[in-house]
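Chains as they are written, first to last, in this note's numbering: chain A, 1 to 398; chain B, 1 to 64.
Hints listed in this document are in silico derivations from the structure and should not be mistaken for laboratory results. The C-beta atom is built at its ideal place from N, Cα and C for all residues, glycine as well. There may be inaccurate statements among the hints.
[Stated by the list, open to error] Which bits of chain B does chain A cover? Going by a derived footprint, with three or more residues having C-beta under 8 Å, they are:
| no. | region |
| --- | --- |
| 1 | 8-19 |
| 2 | 24-37 |
[As the list claims (entries may be wrong)] Simulated restraints, written as ranges between beta carbons of each label pair:
| no. | chain 1 | residue 1 | chain 2 | residue 2 | range |
| --- | --- | --- | --- | --- | --- |
| 3 | A | 104 | B | 10 | 39 to 49 Å |
| 4 | A | 8 | B | 24 | 26 to 36 Å |
| 5 | B | 12 | A | 374 | 36 to 46 Å |
| 6 | B | 24 | A | 117 | 48 to 58 Å |
| 7 | A | 196 | B | 12 | 21 to 31 Å |
| 8 | A | 104 | B | 24 | 28 to 38 Å |
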Amino acid sequence: MTTYLSDSQYLAIKPETTAGTAVIPTIFVPLVSESVKTIVNHTVDRRLKGNTWKGNTLLRGNRMHEGEIVILGDPTNIGHILNMLMKKGSTTGDTTDGYVHPFTVGAGDTYTFEISKGAYAQRYFGVYVEEVTIGFVDGQMQLTLSIKAMGQVSVAQLGVALTGAGMTTLILDDNYDNVPNRGLVVGDVITIGTDDVTLTSVNADGVTLGFSSTSLTHSIGVAVNLKQLAVSNPSLPDPFYLGNVLVGIGATASAATTAAGSRSTATALYDLEIVLKNNLFSENGSSRFDPVQIIAQTPEALITLKQLLSGQEQKTAHLHRTKQAITIIASGKNINPDFSTNELLTIKFNNVKLIESDNALEVGELIRDEQSFEVLYDDGDAQAMDVSLRNLVAGTVY
Amino acid sequence: MSKIVKNISGETLSIPNIGTVEADKTVTVPDDFSNPNFEVARVGKPTEEVKEDRAPQIKDDKKR
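Whole structure, please, built from the sequences with the hints as guidance.
Laid out in C-alpha cells, this is it:
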C-alpha cells in the first residue's frame, strides 16, 4: 500500500491579479499544520421512492472551502499574511537596507493556495484570510490563519474517452461541478491515469482542457488530478522571537512607540497574543455551488497579554475605560552588513481599552495583570492600527 | 530520463534531494520535475556523472 508522509508535502502560495482567478503558486511556505477542507454539504436524497431505507443516494449541497493553517511568523512570510489581511501601501527601500512595506486597514489581496496531499495537489483559489492569530509558542512567533476560499480544484474524472494518437484535448466529467476546469491554469501539469500533460488551454466551456498533441488512451472515468509541484525553498529567515519583541504601552500611539524604543522603557510581557479579524461575508447563492463572492466586513482586533502587577493603574484603566495605546516592535536579524538595519515588524494600536483585567491570587506566585484589550478606532489619529514590515522581499512580490 | 532546468526565480533556491541552485543557473532534474520557478533548458538523458553519484549538477548557461 502506498503511504504518504506529511513532512514531504508543501504549501505554495501566490497573490492573484484578479480575485478568484487562480495562478500557479511559486512561493513555498513551510507549514506547521493545516486543516483546510471543502465542506460539500451532501445530503441524503429523501424523496419517497418505495424504499424501506433512509435513502439510496446523496444530493449535492452548497460548498464552503475553509480551515486553519499554522505557520511560523518569519519576516518573509508574515508579509504575505499581512498582504491578505490589510491594504499594502507603497514599498520603499532596497536590498541593502531592506524593503519597508506599510500596511493599513483595508482590503488585501486574494491568494491561490496549493497544498500537496500526498497523492494529489489540492488548490484553493480566491483565498481570503478571515482571522489571524499572532502568538508565541516556545518563544517563536506563530501565525494561525483562518481562511476561506472561493473554490477548489484537485481531482476529477475523464468525461470522454481518449482514443490514442493525436490527442489535444480532454473533457472532464461534471459529477462535481458544471465547470470542473475552474481553478486550473495554462502551464499546470495534470495527471491522467499515469500520464502527465501540460495544459495549453483551459477552455471557456468549463469542461475542456487543451494540451500539445500526444498519444493518450484512457476510458471514461479515469482519474485526473492536478500534479504536485516539486518543492523549491528560498533561504528561510528565522521567525520573530518573543525575546526580541519590545512592547510599549502609553497614553497615545506616539508615547507607546517611544516606550517600545528601548528595553528600559518597554513593558516586560510574559505572554502576548494578537487576534486580527476581517469578519468575512461568505455566502452561497445563485450562479455557483461555491461562495459567489467573499467580502471583508467590519474589521476588529483583540490583544491578550500578561504582565506583572506593578501598581493600580491598569485596574483604574479597566474600570474607567481609559484609552491606552500599544506599540509592538519585533526585530530580527540584521539586513545591512554594517548592522544599521534589521528585519523589523512594527504593529501600532492607536486606541485600546481593557475589557478584562484580572489579578488572580495563587499560592506562592507573583500577582499578574492578565488583560484583554479591545482595539478601537482612534478619532484623533483617524485610525485604529497600522503595521510596518522591513524585510528582504521586494514589494513586487506581494 | 532527466532534463535540465534553469532557475528563473531570481533567487537561490534549494530543492529537496537535489541541492541548491543559484538564480539563472541550471540543474539536472528528473523528467517529471514540475516547478514554476524553473524553466526547461534542455531535455535529454542523464550524464554518466549523474548516474554514478547523483550529485547536483549545477551549470552556468553562459559557460556552456
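Hints and how they fare:
1. 8-19: Since three or more residues must qualify, the claim that chain A covers the region 8-19 of chain B holds, with 7 doing so at under 8 Å.
2. 24-37: holds (count 7)
3. A:104 x B:10: 39 to 49 Å: Distance hint for residue 104 of chain A, residue 10 of chain B is violated at roughly 28 Å.
4. A:8 x B:24: 26 to 36 Å: Hint holds: Cβ distance 28 Å, inside 26 to 36 Å.
5. B:12 x A:374: 36 to 46 Å: For residue 12 of chain B and residue 374 of chain A the Cβ distance comes to about 44 Å; the hint holds.
6. B:24 x A:117: 48 to 58 Å: violated, 32 Å
7. A:196 x B:12: 21 to 31 Å: For residue 12 of chain B against residue 196 of chain A, whose Cβ atoms are near 28 Å apart, the range 21 to 31 Å holds.
8. A:104 x B:24: 28 to 38 Å: 36 Å Cβ-Cβ, so the 28 to 38 Å window holds.
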